[in-house]
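Novice: Sequence:
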Amino acid sequence: MLILIAEDDELILKTVEHKLLKEGYEVIVTRNGKEAIDTIRETEIDLIITDIMMPFASGTEILSAIRSFGKKIPVIMLSSLGQEEVVLEAFDLGASDFMVKPFSPTELILRIKRITAK
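For the sequence shown, position 93 (counting from the first letter as 1) is numbered 93 according to the UniProt record's numbering, and the numbering increases by one without interruption.
Don't read these hints as lab results, they were simulated from the structure.
We put the beta carbon where it would ideally sit given N, CA and C, even for glycine.
Straight-line alpha carbon distances no greater than 27 Å define the calculated BS3-like cross-link-like pairs of lysine-lysine that follow: (1) 72 - 34; (2) 113 - 101; (3) 19 - 113; (4) 72 - 22; (5) 101 - 34; (6) 72 - 101; (7) 14 - 101; (8) 34 - 14; (9) 72 - 113; (10) 14 - 72; (11) 22 - 113; (12) 71 - 113; (13) 19 - 72; (14) 101 - 19; (15) 101 - 22; (16) 71 - 34; (17) 71 - 19; (18) 19 - 34; (19) 14 - 113.
Simulated DEER-style distance windows between Cβ atoms: (20) 105 - 70: 27 to 33 Å; (21) 64 - 21: 26 to 32 Å; (22) 107 - 69: 26 to 32 Å.
Could you build the full structure based on these sequences and the hints that come with them?
Specialist: Here it is in C-alpha coordinates:
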(Lines of atoms letter the chains of each structure in order from A and count residues from 1; the text may use other names and numbers.)
(Lines give C-alpha, C1' and ligand atoms only; values in the text may rest on other atoms or scores of the structure.)
Protein backbone atom coordinates (compact mmCIF):
# COMPACT_ATOMS: atom_id res chain seq x y z
CA MET A 1 0.00 0.00 0.00
CA LEU A 2 1.35 3.41 -1.03
CA ILE A 3 0.60 6.29 1.36
CA LEU A 4 1.23 9.96 0.59
CA ILE A 5 2.04 12.22 3.55
CA ALA A 6 1.51 15.94 2.95
CA GLU A 7 2.87 17.79 5.98
CA ASP A 8 5.01 20.92 6.38
CA ASP A 9 5.95 20.28 10.02
CA GLU A 10 9.21 18.31 9.69
CA LEU A 11 8.92 16.60 13.10
CA ILE A 12 5.40 15.32 12.41
CA LEU A 13 6.35 14.35 8.85
CA LYS A 14 9.35 12.29 9.99
CA THR A 15 7.43 10.71 12.90
CA VAL A 16 4.56 9.60 10.68
CA GLU A 17 6.90 8.47 7.90
CA HIS A 18 8.95 6.38 10.36
CA LYS A 19 5.84 4.76 11.88
CA LEU A 20 4.36 3.92 8.46
CA LEU A 21 7.63 2.44 7.16
CA LYS A 22 7.95 0.39 10.37
CA GLU A 23 4.42 -0.96 9.75
CA GLY A 24 5.43 -2.03 6.22
CA TYR A 25 3.75 0.70 4.16
CA GLU A 26 5.36 2.38 1.16
CA VAL A 27 5.54 6.15 1.70
CA ILE A 28 5.86 9.29 -0.42
CA VAL A 29 6.44 12.53 1.49
CA THR A 30 5.52 16.02 0.32
CA ARG A 31 6.11 19.24 2.23
CA ASN A 32 3.53 21.54 0.63
CA GLY A 33 0.12 21.34 -0.99
CA LYS A 34 1.25 21.97 -4.57
CA GLU A 35 3.80 19.16 -4.39
CA ALA A 36 1.09 16.87 -2.97
CA ILE A 37 -1.39 17.73 -5.74
CA ASP A 38 1.26 17.16 -8.43
CA THR A 39 2.13 13.78 -6.90
CA ILE A 40 -1.53 12.74 -6.65
CA ARG A 41 -2.07 13.67 -10.30
CA GLU A 42 0.91 11.57 -11.46
CA THR A 43 0.91 8.60 -9.06
CA GLU A 44 -1.54 5.91 -7.98
CA ILE A 45 -1.87 6.59 -4.26
CA ASP A 46 -3.80 4.25 -1.94
CA LEU A 47 -4.26 6.65 0.99
CA ILE A 48 -3.37 10.27 1.81
CA ILE A 49 -2.51 11.83 5.17
CA THR A 50 -2.54 15.61 4.89
CA ASP A 51 -2.30 18.62 7.13
CA ILE A 52 -5.00 21.24 6.57
CA MET A 53 -2.75 24.32 6.79
CA MET A 54 0.17 24.05 4.36
CA PRO A 55 2.11 26.30 2.00
CA PHE A 56 0.91 26.77 -1.60
CA ALA A 57 -2.30 24.69 -1.24
CA SER A 58 -4.30 23.69 1.83
CA GLY A 59 -5.53 20.23 2.75
CA THR A 60 -9.02 21.19 1.62
CA GLU A 61 -7.60 22.28 -1.76
CA ILE A 62 -5.93 18.86 -1.98
CA LEU A 63 -9.33 17.22 -1.36
CA SER A 64 -10.88 19.36 -4.11
CA ALA A 65 -8.06 18.39 -6.49
CA ILE A 66 -8.61 14.69 -5.80
CA ARG A 67 -12.28 15.11 -6.63
CA SER A 68 -11.45 17.07 -9.83
CA PHE A 69 -9.08 14.28 -10.93
CA GLY A 70 -11.95 11.80 -10.53
CA LYS A 71 -9.97 9.76 -8.01
CA LYS A 72 -11.45 8.06 -4.97
CA ILE A 73 -8.61 8.04 -2.46
CA PRO A 74 -9.20 7.81 1.31
CA VAL A 75 -7.87 10.92 3.07
CA ILE A 76 -7.02 11.44 6.74
CA MET A 77 -6.87 15.14 7.56
CA LEU A 78 -4.57 16.47 10.30
CA SER A 79 -4.96 19.82 12.01
CA SER A 80 -3.88 21.63 15.11
CA LEU A 81 -6.89 23.90 14.68
CA GLY A 82 -9.67 21.60 15.83
CA GLN A 83 -12.22 24.13 14.56
CA GLU A 84 -15.61 22.65 13.85
CA GLU A 85 -16.14 24.51 10.55
CA VAL A 86 -12.80 23.23 9.19
CA VAL A 87 -13.67 19.66 10.17
CA LEU A 88 -17.11 19.94 8.54
CA GLU A 89 -15.62 21.39 5.35
CA ALA A 90 -13.08 18.55 5.19
CA PHE A 91 -15.82 15.93 5.55
CA ASP A 92 -18.01 17.72 2.99
CA LEU A 93 -15.11 17.54 0.52
CA GLY A 94 -14.73 13.80 1.08
CA ALA A 95 -12.27 13.34 3.95
CA SER A 96 -12.39 9.83 5.42
CA ASP A 97 -11.17 10.80 8.87
CA PHE A 98 -9.85 13.75 10.88
CA MET A 99 -7.23 13.84 13.64
CA VAL A 100 -6.29 16.80 15.82
CA LYS A 101 -2.59 17.38 16.52
CA PRO A 102 -0.88 16.24 18.60
CA PHE A 103 -1.96 12.64 17.97
CA SER A 104 -0.69 9.15 18.67
CA PRO A 105 1.10 7.54 15.70
CA THR A 106 -0.30 4.20 16.92
CA GLU A 107 -3.84 5.60 16.75
CA LEU A 108 -3.10 6.83 13.21
CA ILE A 109 -2.11 3.28 12.20
CA LEU A 110 -5.35 1.92 13.68
CA ARG A 111 -7.36 4.47 11.71
CA ILE A 112 -5.49 3.62 8.50
CA LYS A 113 -6.25 -0.08 9.03
CA ARG A 114 -9.92 0.69 9.69
CA ILE A 115 -10.26 2.83 6.57
CA THR A 116 -8.42 0.43 4.28
CA ALA A 117 -10.26 -2.65 5.56
CA LYS A 118 -13.50 -1.43 3.92
